[in-house]
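Required output: the full structure, derived from the provided sequences and hints.
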Amino acid sequence: MIIGHKEDIAFVRSTDSSVKGVGMKKIIGSEEGWQDYVMRIVKLEPNGYSFNHNHPWPHINYYIKGQGVLIIEGKEYPVEEGGYSLVPANKQHQWKSTEDSGLEFICIVPKEGHK
Numbered sequence: 002m003i004i005g006h007k008e009d010i011a012f013v014r015s016t017d018s019s020v021k022g023v024g025m026k027k028i029i030g031s032e033e034g035w036q037d038y039v040m041r042i043v044k045l046e047p048n049g050y051s052f053n054h055n056h057p058w059p060h061i062n063y064y065i066k067g068q069g070v071l072i073i074e075g076k077e078y079p080v081e082e083g084g085y086s087l088v089p090a091n092k093q094h095q096w097k098s099t100e101d102s103g104l105e106f107i108c109i110v111p112k113e114g115h116k
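Just add 1 to wherever you are in the sequence shown, counting from 1, and you've got this note's numbering.
Hints in this document: simulated from the structure, not taken from any laboratory. Quantities reported herein were computed from a predicted structural model and do not represent experimental measurements. The reader is advised that the hints may include incorrect statements.
As the list claims (entries may be wrong) - Restricting the straight-line Cα-Cα distance to at most 25 Å, the calculated cross-link-like pairs of lysine to any residue (SDA-like) are:
| no. | residue 1 | residue 2 |
| --- | --- | --- |
| 1 | 21 | 33 |
| 2 | 76 | 35 |
| 3 | 76 | 99 |
| 4 | 21 | 115 |
| 5 | 92 | 64 |
Structure follows, in structure tokens:
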């Protein structure tokens with residue numbers, strides 16, 4: 002059994018030049034006993050954005066703070082606190098936060114999707 006709090010785990014900020022203001026923290030994965038999946042929290046600072054990418058696994062997301070857009074195959078979908086999304090496998094996608102609001106969300110992926 003695992004019980005914890007998200008504030009007890011530090012965000013690891015991406016240093017990749019193709020993203021802006023992105024951090025991630027792994028909450029639960031194989032080390033905690035969930036062998037096939039990883040639950041993490043992704044944080045985009047105001048006006049931040051993630052990679053524009055695709056891969057052969059889906060993302061399951063629950064938005065816990067802020068506002069932004071999820072872009073799938075070039076179409077923008079507004080996202081906000083309390084919302085959820087499923088990004089299908091092999092679809093080009095990217096997240097962007099709004100200028101005045103960051104965006105924080107739970108992201109569940111298969112273990113091969115967590116780098």
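Here is what the structure says about each hint:
1. 21 <-> 33: Violated, at roughly 29 Å.
2. 76 <-> 35: Judged against 25 Å, a Cα distance of about 33 Å means the pair is violated.
3. 76 <-> 99: holds (16 Å)
4. 21 <-> 115: holds (19 Å)
5. 92 <-> 64: holds (20 Å)
Going through the hint list in order, the structure does not satisfy hints 1 and 2.
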